[in-house]
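Put together the whole structure using the sequences plus the hints.
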Amino acid sequence: MPLPSPIPIPLFASTQLNLLLEEHAAEVSSSKLASTAATVSPSTRRTLQATGYALTGLILSQCRTGLGGRVVGEFAPDPAIASDESRAADGTPRLGSHGIRVGDVVRVSDVAGAGKKVGKEKDKEKNKDAEKGVDGVVTRTGDRAVWIAFGRQGGATSKEDDEAVEELWGKKLWAIKLANDVTYRRMRQTMEKMEKMTESDYSHFMRVAFGHTTPLQLDTEACGTVEFLDPTLNDSQKDAIRFALASRDIALIHGPPGTGKTHTLIELILQLVQRKKRVLVCGPSNVSVDNIVERLAPKKVPVVRIGHPARLLPSVLEHSLEVLTQTSDAGGIVKDIRKEIDEKQASIRKTRSGRERRGIYDDLKLLRKEFRQRESKCVDNLVRESSVVLATLHGAGGHQLKNQKFDVVIIDEASQALEAQCWISLLGAEKVVLAGDHLQLPPTVKSTGQKDKTSKSEVKTDNTDTETLKGVSLERTLFDRLLALHGPGIKRMLTTQYRMHEKIMRFPSDELYEGKLIASDAVKARLLIDLPYEVEGTDDTQEPLVFWDTQGGDFPEKAEDEISQKGALLGDSKSNEMEAMVVARHVDNLIDAGVRPESIAVITPYNGQLALLSRMLREKYPGLELGSVDGFQGREKEAVVVSLVRSNTEHEVGFLGEKRRLNVAMTRPKRHLCICGDSETISHGSSFLKHWMAFLEENADLRYPDAGDLL
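No gaps in the numbering here: position 565 of the sequence shown is 565 in the UniProt record's numbering, and each next residue is one more.
Just so you know, the hints here were simulated from the structure itself, not pulled from any lab data. Every residue, glycine too, gets a C-beta built ideally from N, C-alpha and C. Do not rely on the hints blindly, as some may be mistaken.
Straight-line distance between alpha carbons at most 30 Å, and here's what the computed BS3-like set of lysine-lysine pairs gives [stated by the list, open to error]: (1) Lys-369 <-> Lys-516; (2) Lys-369 <-> Lys-193; (3) Lys-558 <-> Lys-261; (4) Lys-238 <-> Lys-524; (5) Lys-405 <-> Lys-335.
What follows is a set of in silico ranges between Cβ atoms, one per label pair, in the way DEER data are often shown [to be verified]: (6) Lys-558 <-> Gly-99: 25 to 35 Å; (7) Glu-430 <-> Arg-615: 49 to 59 Å; (8) Gly-631 <-> Pro-231: 32 to 42 Å; (9) Leu-702 <-> Arg-101: 35 to 45 Å.
The structure is reproduced here in structure tokens:
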């Protein structure tokens with residue numbers, strides 16, 4: 001097929017830089033509470049923890065030396081304030097529920113630091129530092145502690161950081177999530193590098209990616225006869241693997257929900273290793289990468305995981321760079337220095353003399369320098385000797401992979417990653433395999449919503465003297481763009497799905513996947529009544545698809561900021577109290593029939609409705625999962641209840657009109673999908689929504705709730 005006009009690479013890069021600048025500003029403003037971290041009230045701190053932004057009631061319980069000579073602090077719940085309910089069976093205090101995750105940048109502050117009045121100028125300065133806190137990156141989270149590595153911009157811990165961490169001993173502390181600069185910095189550096197490249201610097205893959213040339217013919221001879229190692233692969237998975245092996249520059253593996261995309265990638269990686277190829281595997285999140293490490297680990301392939309694994313399973317940990325630098329033969333070289341650093345660190349707390357302390361800090365600086373040099377050599381050897389290296393997309397821009405060459409770069413969940421993020425690992429790539437589903441939600445972009453609410457005259461989308469490229473947006477992924485550029489010839493789709501009952505699968509398959517999805521025999525007819533524990537046969541447990549149609553005006557929506565004082569955190573969201581009652585009643589019926597709460601998820605596109613449903617159901621059924629549709633992408637449950645919320649006389653559906661969001665919502669369940677919504681409002685939203693309402697009326701068990709019965 002003829003190529004459209006080639007995209008000027010420097011112009012693409014400069015446009016991305018402008019968009020990234022806006023996005024980072026939006027992210028920073030959304031976490032602006034952090035700038036007043038030390039002065040917020042206890043109730044606000046609790047609200048921040050409840051909404052996933054903070055972790056309160058901590059003390060520093062231990063320090064050690066981590067990768068790169070960083071100080072890693074272990075923060076545990078303060079036993080003095082822990083309630084009996086929050087303690088484990090052995091009496092140890094446990095952390096409350098929170099949203100702090102591995103890789104988050106956090107600031108640890110002294111709760112009592114703010115508001116103290118001190119006399120001397122020196123003490124005032126010290127107190128100011130204590131209020132400000134010290135920044136670090138979360139490397140591990142558990143029930144009883146969270147581990148945070150301190151060091152500026154991802155580098156080694158400095159003397160100032162050492163002193164700030166020392167100040168935390170014996171204090172009542174809390175941690176608040178900050179905007180993550182590291183990812184943005186690496187994306188910006190990559191786009192700046194791309195902007196400065198000349199034509200002679202472009203790799204063949206780059207020329208293909210921007211339409212300067214067409215993909216090369218498949219090399220089926222070099223691929224040879226493929227002897228598959230996994231006997232369970234289906235025909236579409238085998239076809240995708242053969243295609244990716246024969247491709248010389250670009251292959252897209254399109255994996256609709258439940259079609260075994262990761263399963264396929266594992267076989268592809270093993271086939272590449274058999275052919276003596278060196279592979280870099282990336283994903284947008286720690287979870288997406290660790291999922292592959294976990295499945296590769298038993299295959300006895302030399303793998304190394306760059307960064308800190310999000311799951312602390314032994315199978316993942318033993319392949320992480322941090323553990324390998326301690327357990328490999330080369331790791332013995334740095335062990336002694338690590339021990340000496342830890343001893344010096346501990347000795348700081350035993351001395352009162354300022355001169356002695358300064359001397360120890362100077363010694364630490366020299367030791368850390370030696371530690372980093374030796375560790376760097378050790379890391380370099382470990383990475384070079386590994387057939388498969390795995391990292392998050394921004395982790396691929398770390399110093400550990402500098403000057404490393406790979407034959408193939410594989411990006412999983414590529415349709416959930418910003419394009420600029422993908423290029424961190426792709427600037428030097430020769431052959432690329434992207435796996436994902438461009439028909440599910442793209443990466444979350446905060447700046448687009450802000451632009452929609454601002455008039456054109458107020459938005460400065462670019463510098464006045466900089467030309468920008470039309471049609472480029474952060475939400476458009478590399479997967480999407482390459483498919484539009486080169487057509488379906490560069491893609492293979494997986495077609496057998498192993499998750500959903502056939503009736504649940506039918507609409508997304510017909511409407512979005514060209515009717516090509518096939519339900520595996522193992523799943524196509526399974527119902528809640530067939531669960532491996534006792535479930536009563538009822539209208540719900542014997543029905544895969546239920547639609548509670550709330551049309552008629554008795555189930556009106558309202559704006560959430562009228563209801564909640566937390567409006568600033570929930571934003572301009574929507575809720576529907578009467579519809580929430582229908583959802584709660586349906587959940588009651590499922591659980592009364594014997595379905596375990598752990599087998600059920602309740603999801604909704606609106607945070608306002610989520611808050612309302614949480615108040616109704618969380619305490620009653622602690623095992624029940626409640627979440628947003630966006631947050632549930634990539635997940636599955638036996639039964640899923642979806643609350644659509646929108647019901648108004650104007651027939652407005654808002655962002656419910658995004659079919660990729662609804663595709664996520666309707667493809668999460670295995671055996672039972674219940675939709676609650678107003679067909680009258682929703683069918684006016686788009687042709688996709690109109691078709692969906694018609695499909696539900698025709699194929700679902702259609703029910704009309706009575707508002708009088710719910711009150």
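Against the structure, the hints:
no., hint, verdict
1, Lys-369 <-> Lys-516, "violated, 58 Å"
2, Lys-369 <-> Lys-193, "holds, 29 Å"
3, Lys-558 <-> Lys-261, "violated, 40 Å"
4, Lys-238 <-> Lys-524, "holds, 22 Å"
5, Lys-405 <-> Lys-335, "holds, 28 Å"
6, Lys-558 <-> Gly-99: 25 to 35 Å, "holds, 26 Å"
7, Glu-430 <-> Arg-615: 49 to 59 Å, "holds, 54 Å"
8, Gly-631 <-> Pro-231: 32 to 42 Å, "holds, 35 Å"
9, Leu-702 <-> Arg-101: 35 to 45 Å, "holds, 41 Å"
Checked against the numbered hints given earlier, this structure breaks hints 1 and 3; the rest are met.
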